Amino acid sequence: MLNFKLSSVKLNAAVLLGATLMFSACGGNNTEEANGDGAGSIQIDGSSTVYPITEAVAEEYRAEAPDVKVTVGVSGTGGGFKKFTRGEIDIVNASRPIKDSEASVAKESGITYVELPVAYDGLTVVVHPENNWVKDITTEELKKIWEPAAQGKIKRWNQIRPEWPDQEIHLYGPGVESGTYDYFTEAVVGESGASRGDYTASEDDNVLVQGVSTDVNALGFFGFAYYEENQNKLKIVPVNDLNDANGKGAITPTLETVKDGSYAPLSRPLFIYVNSKAAARPATVDFVNFYLDNAADLSQEVGYIPMPAEMYKEQKEKFKQFAESAGKNQ
Amino acid sequence: MRVSEKIIEGLLWLSTAITILITISIIWVLLSESISFFRVVPLSEFLTEKEWTPLFADKKFGILPLVAGTLLTTAVAIAVALPIGLTIAIYLNEYAHDRMRQIVKPLLEVLATIPTVVYGFFALTVVTPFLQSIIPNLSGFNALSAGIVMGIMIIPMISSLSEDAISAVPRSLREAAYGMGSTRLQTSFGVMVPAASSGIVVSVILAISRAVGETMIVAIAAGQQPRLTLNPLVPIETITTYIVQVSLGDVPRGSLEYKTIFAAGITLFVFTFALNNLSFWIKKKYQEKYD
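Top to bottom, those sequences are chains A and B.
Read in order, the letters of the first sequence are residues 224 to 553 in this note's numbering.
Read in order, the letters of the second sequence are residues 578 to 868 in this note's numbering.
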């Protein structure tokens, strides 16, 4: 939900206040009605996780092409796809690939699109820095903690691993509107949207950081960027997926392990999807090319992990072909 | 002359009517939205279910965890505000010199003018870390710290209402007490406080009602996890926090999730309405008359 530029200030009262205010400012539907055909305007909406990258790109792009109006909204990956598949927006930010149900809505309304990965994120499991018992965690244990059956039952650390202390465990995680929540439940529990409900759920990741960093019994998860911003207040937990084929033992998310995919299953690509009608307009083509040229630098700047340079090249090529055929079909 | 009189009268009537109309329409909105909520979720489940997870796949609609959170923070607040507020009231009435009183009273009123969001951050960034140095296992979000700060906030309410009540006790009673050889302390607690008890109880009930409806402090400092517990050391969620949380999110209008905030709202309304009426009733029924 928040601009990372904001959270790069040390997390303190002011930030939380700012966060709360910004949150209320961007809660709801604050993108303008998309007109779709204005050559000089690009409407973007969707994931709060991808938002910082796209917003950073849009900011840079304003200096490049001041007469093109780029608006970036935040309505969650699901909300973004809803608007995208109705043709209300030009580009959607997505922290997961499009669902089959969403793709068929797009087909019905005659919308074709291209999927462009723009960066990687490693969903990061964190505990309080003074937590001296958690050295690593397995995906099975994560499932045991977060699955719906755990609700009201798994309440103490020693229920997860007997050698951990007999103390209450306090859980912090993103709310149900978040693509991060969808991805985590899918990767860990096995079903998107299935989790226990008795944890501190907030769409505002700064609240989660504040919660985990002040609670010795806390365990939480959120996008890697928020860990990077607050490293000194959090302890990262290496995750063991019990599959030695992609890296032995418990693996800590870092630039390298996320990039090479050994931080599985919690590393994920972040996407933008471009509508073909929008791709027929020169302004959008220019913007998307600018996006792919700068995504590596800017995604790292806001706390995510850039893809290898050749992948950005491939995406540019893929987009070029898509834009050309979109132009012909116009 | 008569015409302008009529106009003024009409304007006065209008402003009264507007306040009443607004109150009625708020109640109407609360009722109509929560009625459609209670068509789906039976009232018995709402009142007896022990879990509150309306936003998740496995939906449970038990208001008890939110009520427990609300009562817990309120109890802590009253535990702080009642002794301090009452002591201040007695001190100002029986012990303090006039000049002292003239300085202290306005200072106390200042407490009531601080925006609650400031209190919230005070709880989160000052009180909680301090408490954590005493209670190592205290969570960053907890009912204790939010409750204490909320208690500080309502001190002026209890102290000034109680002081009014105590100073309304006729002079003759106090003089009679002194005449019987009572000390100041005996006079205060043996005569003045009992004589003013209805006013003091009313001040406490109004303070409870204020604490139940308080939003910012608990939303910032008490956590966002509905939990049926009386342990003040862990994150909880109050009714007001839940309403804030849902109305800021992207919950679609008209959905059942959206209607939960009206169900929560009407629960809150019932609480404060009952408390305010109780205080009104106590005031009328138990006011001691010394004429």
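One should not assume that every hint holds.
[Stated by the list, open to error] Footprint (simulated), chain A over chain B, 3 or more residues, beta carbon under 8 Å:
1. 634-643
2. 748-757
[As the list claims (entries may be wrong)] Just a few of them, taken from the derived set where beta-carbon distance is under 7 Å, the chain A residues facing chain B:
3. 438
4. 469
5. 512
Just so you know, these hints were derived from the structure itself, not from any lab.
Just so you know, these numbers come straight off a predicted model, no measurement behind them.
Using N, Cα and C, we set each Cβ at its ideal position, and we do this for glycine too.
Cross-check of the supplied hints:
1. For the region 634-643 of chain B, the stated coverage by chain A is satisfied: 3 residues place a CB nearer than 8 Å to a CB of that chain, which reaches the threshold of 3.
2. Counting residues of the region 748-757 of chain B whose CB falls under 8 Å from any CB of chain A gives 0; the rule of at least 3 is not met.
3. With a least beta-carbon distance of about 4 Å to chain B, the hint placing residue 438/A at the interface is held under the 7 Å criterion.
4. The beta carbon of residue 469/A is not positioned within 7 Å of any beta carbon in chain B (closest approach about 29 Å), and the interface hint is therefore violated.
5. Interface restraint check for residue 512/A: the shortest CB-CB distance to chain B comes to about 31 Å, outside 7 Å, so the restraint is violated.
Of the hints listed earlier, those the structure fails to meet are numbers 2, 4, 5, in rising order.
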